[in-house]
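Peer 1: Chains as they are written, first to last, in the working numbering: chain A, 1 to 317; chain B, 1 to 317.
To be clear, the hints were calculated from the coordinates, so they are not data collected in a lab.
Quick caveat, the model's predicted, so the values are computed rather than measured.
Hints should not be assumed to be uniformly reliable.
For identical chains, the list gives no copy identity; a pair is met inside one copy or between any two copies.
PhoX-like cross-link-like pairs, simulated, lysine-lysine; straight-line CA separation at most 25 Å [unchecked claim]: (1) 291 / 219; (2) 90 / 289; (3) 241 / 291; (4) 282 / 267; (5) 90 / 291.
Number of protein chains: 2
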Amino acid sequence: MTDIAIGIDIGGTNTFFSCIDASGKSWGNASIPTQEQERFEDFLNDLCNLIEKTINDSSEDLKLIGVGIGAPNGNYRTGTIENAANLRWKGELELVKMVEEQLQVPVKLTNDANAAALGERMFGGAKGMNDFMVITLGTGLGSGIVVNGDLLYGHDGFAGEVGHIIMRPEGRECGCGRRGCLETYVSATGVKRTAYKMLAKHLGDSSLRAIPFDELTAKMVADAANKGDLLAMEVFAYTGKMLGEALANVASVTSPEAIFFFGGLAKAGELLFEPVREAMEKNLLFLYKNKISLLPSELGDDAAVLGAAALIWNDLN
Amino acid sequence: MTDIAIGIDIGGTNTFFSCIDASGKSWGNASIPTQEQERFEDFLNDLCNLIEKTINDSSEDLKLIGVGIGAPNGNYRTGTIENAANLRWKGELELVKMVEEQLQVPVKLTNDANAAALGERMFGGAKGMNDFMVITLGTGLGSGIVVNGDLLYGHDGFAGEVGHIIMRPEGRECGCGRRGCLETYVSATGVKRTAYKMLAKHLGDSSLRAIPFDELTAKMVADAANKGDLLAMEVFAYTGKMLGEALANVASVTSPEAIFFFGGLAKAGELLFEPVREAMEKNLLFLYKNKISLLPSELGDDAAVLGAAALIWNDLN
């Protein structure tokens, strides 16, 4: 008999899950479309039925001890999802309560960046670290912060919104309704916006001039930079500088041992990390200089479900 | 027999201590000059002898259970003071080890802002709060941050330097060697600097025009503002706006329930807090709006020794 936790990753398009043991080994990866059901209850029914079937059909003898869920706007304290922009169901969704009723095991919920931080600590590069941060670089910028060995939730469960630190008071419009938030510069979308800024600012040739805004992706900018496109290279220098300045300020609050980068944009590698490191060190208070490691996440494509399952394993430890 | 902890506050001029029980009641306040002895060892000897004498001479039967120390640059993790700008003894001072050897009880050390935060939680307005922050407004700006019920120390013991968040990349010179740090704007010194900036910017009459920079104090600016001096009022509007913007960003990291203000400049009261509140709310991410209380510290003049003693009482709880 092997004790397993289910890790669930609820995304805007698909919901993935996997059975994960205490060492991070996984069985029975599966997924269902997230938003085909009109009622949230029906979606959860389908999901829970598929989970039970997956466990029962496994060739191993698996014992379910709990379910961890990572979801956009997932709140650890309340166990609910509130007004997630990319889900069709609005209002407050009582996710934890409903899954507990159906599967009869403890259920924990958090947002995707927090799950990534727990996953990194339990199964990735942050093993043994009590004070570190994970930055997720996708469409937006998410952050999961671990201090004193625990996730930093704040009094309402919503701490760790580093992507919404205001970097430029009169800066770019942000989806949150304010201006100049870090994620308007440092994210896949931010890279696109910076590319257009640089195309407007400079006269030099660039392969990016042929691509409409709607079709441009951060990966195209990275590919162009890696081919020596000077304008695309300047986009990453600008993006990295902004992130380095922000991290130097966050370090003044939390003093982390390491900062891990995860997500699509993090695949740009040194193209991004080198200017981040330079700007962070330049802006750090002397107390923190040359102490903070910037590292790529050691978790692969199953990071989200590993991180979600870590919610359960972490609470048992 | 009453169990007591000694709370020690090491300042640049005098070192105060007091015997404090678990309820915050104090006996035998005393002090010695901090820097008359050439050798740090001799200073500590004098201090420990006076502590022992104070306990023995007390009319109550006091039992010493531990010593808590608040000191500039005091590091909880290492138990040392490193290169404190306002002490004559340089290098790494092994404070905790030396006092433990002499008094034979557990000794804990932290910096003054962290001690203020613990004191506020144990004896002041933050009772029962697990996520809050104390901002000390004196010559500089210090911060003590409590998350998940514990002080936020970071991996090296130096977390919580909110005063050194860079607010303006090309801004005012800071004693730390960088530019634009929050405390160059928001502190007693920052208020003086802003007064001179406003005197340069505006033509209007002001009682501050008669005072040389070397003689000006933040209290003089506050007094002038309270008498209706428009320029002095603008100084506090500017100072409060800068602090409110900074706190909105820090809230994105730690999501506190309340922020307490302590120290000389905090005595300016609503003159300062009103623009802080306005700017903070204006700049907060929607998740945090109308949730964070801005409060004056409930600790009085003995806050520093109460906070230092709380280091011991907190570890026992």
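Peer 1: Taking the hints in turn, state whether each one holds.
Peer 2: Each hint tested on the structure:
1. 291 / 219: Close neither inside one copy (31 Å) nor across copies (39 Å); limit 25 Å.
2. 90 / 289: Classified as between: cross-chain Cα gap 20 Å, same-chain 45 Å, threshold 25 Å.
3. 241 / 291: within (19 Å within a copy, 32 Å between copies)
4. 282 / 267: within (24 Å within a copy, 35 Å between copies)
5. 90 / 291: For residue 90 and residue 291, the Cα distance is within 25 Å only across copies (22 Å; inside one copy 44 Å).
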